[in-house]
Amino acid sequence: MTIEKFKFTDYAQIRLANGIGLEHWNLRGGVLPVLMAMENGPFWTVRDGGEVLAIGGYWPLSERVCEVSFFPSEKFVVKPLGVYRALRNSVNNLKDVFNRVQLNCRDEACFVRFAKSLGFEEEGRMRGFGRDGIDHLMMSIVRQA
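Residue numbering for the sequence shown follows this note's numbering, starting at -12 and increasing by one per position.
Please keep in mind that the hints were generated in silico from the structure rather than gathered at the bench.
Any given hint might turn out to be false.
[As the list claims (entries may be wrong)] In silico EDC-like cross-links for lysine to aspartate or glutamate, where the CA-CA straight-line distance does not exceed 16 Å:
(1) Lys82 <-> Glu26
(2) Lys(-6) <-> Glu38
(3) Lys66 <-> Asp35
Using the sequences plus the hints, can you model the full thing?
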């Protein structure tokens, strides 16, 4: 297993869990500008023998807040392999830099359970947030002062 800098083409190679990816964000400018920003930002790709298992990273929103994005493959959801530990360490490192680390995820048990296992707590429901009208949950880790 290797962790490498995200490349634009990695996104085309991943078999997304439940087929859920950037396309569900209903982006006005489309997916391409976001992929280019990910390639130039703090995003990474996890591979196992050339197969893309997961893509992740974060968007700094301010000096104190960042938003985590994580795109797991179908294979990762079934068996997280060694990726989970690396991801948990990354989230812990973000907690040392930012006062608030947040993410939103579909209100589906597998995604919510995974976020909670990384230390995220549910804050609220964003009704109809998904492109398909599915509710999402806002989840966060807030560093106590």
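Here's how the hints hold up against the structure:
no.	hint	verdict
1	Lys82 <-> Glu26	violated, 23 Å
2	Lys(-6) <-> Glu38	holds, 14 Å
3	Lys66 <-> Asp35	holds, 12 Å
In summary, the one numbered hint that this structure violates is 1.
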